[in-house]
Structures are given as structure tokens and as C-alpha cells.
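Asks: Starting from the given sequences, assemble the full structure and let the hints guide the process.
If you read the sequences in order, they're chains A and B.
Under numbering that gives the first Met the number 0, think of the first position of the first sequence as 0, with each following residue one higher.
Under numbering that gives the first Met the number 0, think of the first position of the second sequence as 0, with each following residue one higher.
Worth flagging that the hints you see were computed from the coordinates, not collected in a lab.
Please note that a few of the clues may not be correct.
Put simply, identical chains are the same to the list, so a pair is met inside one copy or across any two.
Derived lysine-lysine pairs resembling BS3-like cross-links, with alpha carbons at most 27 Å apart [what the hints assert, rightly or not]:
no., residue 1, residue 2
1, LYS107, LYS145
2, LYS331, LYS367
3, LYS145, LYS326
4, LYS231, LYS343
5, LYS265, LYS58
Protein chains: 2
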Amino acid sequence: MDRRSFFKRAGVAAAGAAGATTLAAPAIAQSLPSVTWRLASAFPKSLDNLYGTAELFCKLVSEATDGNFTIQPFAAGEIVPGGAAPLDAVSTGTVEMAHTASYYSWGKDPTFALATGVPFGLNARMQNSWLFQGGGNDLLNAFYAKHGLFALPGGNTGVQMGGWFRKEINALSDMEGLKFRIAGLAGAVLERVGVVPQQIAAADIYPALEKGTIDATEFVGPYDDLRLGFIKVAPYYYYPAFWEAGSSLHFMFQLEKYNELTPAYKSVVEAASRTANANMLERYDAANPDAIRTLVADGTILRPFSKEILEASFEAANAVYADLTAKNADFKGVYDSMADYRAKAYLWFQIAEYNFDTFMMVQQRAGKL
Amino acid sequence: MDRRSFFKRAGVAAAGAAGATTLAAPAIAQSLPSVTWRLASAFPKSLDNLYGTAELFCKLVSEATDGNFTIQPFAAGEIVPGGAAPLDAVSTGTVEMAHTASYYSWGKDPTFALATGVPFGLNARMQNSWLFQGGGNDLLNAFYAKHGLFALPGGNTGVQMGGWFRKEINALSDMEGLKFRIAGLAGAVLERVGVVPQQIAAADIYPALEKGTIDATEFVGPYDDLRLGFIKVAPYYYYPAFWEAGSSLHFMFQLEKYNELTPAYKSVVEAASRTANANMLERYDAANPDAIRTLVADGTILRPFSKEILEASFEAANAVYADLTAKNADFKGVYDSMADYRAKAYLWFQIAEYNFDTFMMVQQRAGKL
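Replies: Below, the structure written as C-alpha cells:
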């Protein structure tokens, strides 16, 4: 809230106001008004890096304001379920804010998916650069404002794994009729190469894979996937998840509540979200190397998607984008900005970054690191 | 400072203290004590992303504390020169903090170089993951404490470019006697493959290259290099800077001053430094793509270092590390931690990340992005 609305709410007449009978609050007290919010996370506590990112955000906001601005995080299911529910709970005013993947709401408008990331989109570094420096956040917030929302990036997974498959898939024809648990825009893209997307609640994936009700499932990456035990029923672990190259989560606020914050509290919220945003990727990058080694030691069979599958999926994605940009101006505005950045970023990154990484990977394979 | 020391310094008796004759400060006023610091940057204002990272940090700290904690940034030359001087100015108490590359002080102890990054070290994502989640920051701060310092990462450049060369270098023998403006540990490594490292102040590089007093110079990357105009006198632009794969800058504090901050102010400083740390890399990733295209349009000739040169330099670096770890326990502790993380990270990153990026780079080259 701004200072004027703070005083109005607090019932304290401002100094100099006509008929003021109480003393104005001392100047310093304006800075730390008491604010209490609730945050609905789209994630269960068991996914500790995803849920933990919201916990970290809340902790940082409280610390920086000496406990005057407190936000209590609730895991999926505590106030509302996961999926699109936390964002809906912000829209309806049930909670002041959520921590979620915007793409869960893509059914309302596919523009929601662009905030998180879309098939053949940006890797994590590019995603952050585009969002924060390339105009992405501003374009997205112009869209969110129409829904009474304001969003700040709140974590990134890096390139995810393509998921767990009961059988090897090599030719494009192996995708035909494949019952793959995958949601959202990625499902719509894969449908064009023959996949039959399945939507199944997390708890039901394992039995469905075991019985063969579904042929494959995608989830996140080694660290989160390790605890799900899919290896026993679907040992082929494909890469990369070309539909989740640098997926961003977001802190999603009621726009009106966010605008009521003092400038200092807005600054605290932004810095806390920046910290949480970086922290999640760092944690995955620190934990995934050990997790992938454990998975392979336990019998996971790593397989890259074939060139044929990647190329057909890339064409399918472009066909979906052609459709969506033709009929949705919000989608087109954000997508074009992302795609422009992507084209030039993937030129630059193949020079110094790619050559250094390639050399180091060769040394790793030669046992020299 | 903790609350007790704040009251002690402020001369205010705590409530309940024997003989207290003054009223304790109201609870809320404890939270935002007035603090005024100075920051010495190692960079000139003309390098606007490097210097701007310190400006951003100072702005965020001020905003989050409603102007009660102010830090004034000074560019290189305003209080002290660049290079190692800002860190020295923190050590001697001339300023409360600096924004600098720790490796400028490697001559005092090579452990200072590990904070920034060393030849064949970590790329930017790995560097942040190791520093924040892999124990790097804690190990470094145990070392810095011996020098009365405390450090927080404050920006990353990504993989830098290898610099500007008057002539092509192909074989390892082309490095023999090459007068290359390069400093620090990287110079010590390249010396082992025949290079004659040169230390020249920034303003003198251009005339030295023009006259042939030196054969080559390294600087940062396209965005910063563009404005220096080396292309006219040394058109071969080599990559990658295998000695600067993910160089971190640091905010460097007098340990005692940092410890005097309230918990809330420490939290504000940490979140501001996290934001500045991410922001610098995002800005480079947003600006370098345009800059490299401008440089190439202007006649820059891009060249990769040959496999022979990379491999010989990698061996030279390992020989230097073998020497340093044998005789310096601080260096060994930090280096081993970095190298352990590097080995497993370069296994993991060659799976999903590398395959996705490679596919996208192939599309970029085919004109499909």
C-alpha cells in the first residue's frame, strides 16, 4: 500500500490534515507497516525444492522487514489443490499470492504458458535474460493485469528430462498412439506427432505405468524423479524435455494487493523473489548430478530422443505457434518477443559458451576432471 | 550490528536495565537504524554493466530500507584506483565495502583467484550453484575472514571471449613468445605454453597493439569489447576465454562492519547482492548477442582456439593447480571443492542441457529460429 492508503487504513490522520486531533505516527513507523498474507503453493512439501522456493521467499520477506511483513506458505492441498487452483485462488481473492507454474492455466488463455516456457523455447539463462532484461516480464505483466494479477519469476528447473518410458522409442512411428502423461501446450504439440496425451494425478501415475494403462510419463528432472521410483516400471529415461528447457515458476500476486505495498515493501518482495528465483536453479544444478548418478547406478537406461522425433516435434510446435499467434494478440506479442531473443541468443551462445562447455565435457568423458 | 550493540552504540539504555532513566526506543525504530557506507568499485563508469552492478546494489539496499541504509558507490579512480586497490581499501578501513574481482588480489594469495574463477573452472550456472549451494561461499568466507573480509557474489560475465589478436594463431607453436596482455593466474598458466604475459593499463592497450608492442589482448566479451575498437588493430577475435568461463565479481565487506548490521539489514544486503549477481549476467546475455553481430558486421574475424592449444593449456593449468594445492592449504580446500563439483556437473550438463542447446543451435544455423 502507498503511504496515503496506509494512514487511511490505520485510521491515523496525517499531520496537517484539517481537524487532526492525534499526533501523526513518527516518520520511521511508516516504513514497516504490519502486513499479513497467505501464499498458496502449487506443490506438495515432498517436492522440497519446488515448495521450498516459496518457503525461502516468505522467510526472506519476513527477515528483511523485521517480521512486520509476514507471508505464510501453504502446500498444495492445504487451502486449495495444486495445478491451476492456486492461481485461481489469487484471482478470486482467497489468498493474496501463489507460487505456481503459470502454464497450469493455459486452458484459459495459452499466453499463460509463455511465462513458464513453451516447447523449443529458451534455456534457463536465456529465459531469465529475456524475462528481466529483454522485456518479457513487462509484456507478461501487461497480460496478467487483465486478469487482476501481477507476477514475478520464482524459480527455474533448467532443461528437464523427457520422462520415463516402458519401451524404447526410436523412429517417429514409435510415437504413434503412445499414451504419454503430459499436460498443457506440450501435450497439444506432441498430439501432432501421434502421441495421445494423458492427464493423470501424480499419485496415480505409478500404478497406471505398471499396468500399462499409460506407456510413459514425464515429470521434472533427476532430483525430483528419483523419489518416484518409476525406474521399476518404465526404465527408459529420455532426454531432453524439449518442451521444458528453462521452465520458470512464478510468484503470482493479486495486482491490487501488490499495488498497496509501500515502495520499500515492493523492493523487498522483488529482491526476495530474485533470490528465490536464482536459488531454485542453483539447488537443482547442485542436486541433479548426484541424482542422475544414483538413477543410473540403480538401472535407469538413458536414451536421447532421436533426431527424427526432435525435428518432427519442432515442426509441430511451430505449427501450433502459427495457429495461436494468428488468433491471439496477447500470445503473439509475448511469443514474438521470446522468439526474437531466442534467435539471436542461440547465435551468441554457440560461440564462447558452447565451445568451452564442449571442451570440458570431452575432458569429463576422458576422465580428466 | 545486533540489537544489543545497536543500543550500546546509540547510547540508549535497554528497557529494564538497572538505573535506566530514559525510555527505550520504540520497538519499531530499532529496525531501521541510520547507516551510511561508501563502496569503492574496481570499474569505471564507462563499463556500465560492471559499474552498474554496484549502483544497482546500492539502490536496492536504500529502497528496501526506506533510505535509512545508504551506500554511495564510487567508480575506479574516485577514491582509489581499480585493480586490487578497492579490496585493499576495504582491508585498511578506507571504505566499508568494495565491488571488485577478487582475483585482482591473487598476488597476495592465489586463493583470492578461486572466488572469481580460474582457468578451466566452472561456467556461470555451475559457478553460482557451487558458490551458493555447494559450499563455495562458506569456504571462501572462512578464508576471507583471515583478511578481515566478508564477501557475497556480485555478478557474473558468462564465458568471456579469448581476446583480440593481430595475427591468426593455429598451432601451439604460435603461442611461443606471444606478447599477450593478460593478468593473474591465467597469465601464469599461459606462460607455461610459451606466452609472455603483459600487464598494461586499459588506456594503453590500443596504442600498444597498434605499434605491435603487444601481439594480443583479452578483455571481457562483445558488449564491453565493442567500445574499445581493437578490431582496427587486431581483427582476430578468439574464443573461448578458457581462463574466464564464469567469472564472478564480489561485494567485499569489512567483516567487522558487516557483523555490526542488524539481522534485517544483513538480509537486505544479501537479497540485494543476489539480485545484482543475477542481473549482471542477464544483462550480458541480453546485450552480447547484438554486440557480436555488430562486431562481425564491422569486420571482426571470429576464430576458435585450436584443440592443440586448449589441451596444452588445460595440462598447464593442472600443473599450476598441482603446485598450488601442494603448498597452500587454503587454496587446496577451495580448489578441491570446486573441482569435485565440476566433475559431476560436467557429467550431468552433457545430458539434457547440452542436447537441447545443440538441437537449437542446429536450428539457428539452418535459419529456422
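Asks: For LYS331 vs LYS367, is the C-alpha pair at or below 27 Å within one copy, between two copies, both, or neither?
Replies: For LYS331 and LYS367, the Cα distance is within 27 Å only across copies (18 Å; inside one copy 47 Å).
Asks: How do LYS145 and LYS326 come out at 27 Å by Cα distance, when the copy is not named: within, between, both, or neither?
Replies: This pair counts as within: shortest intra-copy Cα distance 18 Å, inter-copy 63 Å.
Asks: With identical chains, the pair LYS265 and LYS58 could be close in the same copy or across copies; at 27 Å between alpha carbons, which is it: within, between, both, or neither?
Replies: both (15 Å within a copy, 13 Å between copies)
Asks: Check LYS231 against LYS343 for me: Cα-Cα at most 27 Å, and say if that holds within a copy, between copies, both or neither.
Replies: Cα proximity of LYS231 and LYS343: across copies only (25 Å, versus 42 Å in one copy).
Asks: State whether the alpha carbon distance between LYS107 and LYS145 is at most 27 Å within one copy, between copies, both, or neither.
Replies: within (13 Å within a copy, 57 Å between copies)
In this structure, every one of the numbered hints holds.
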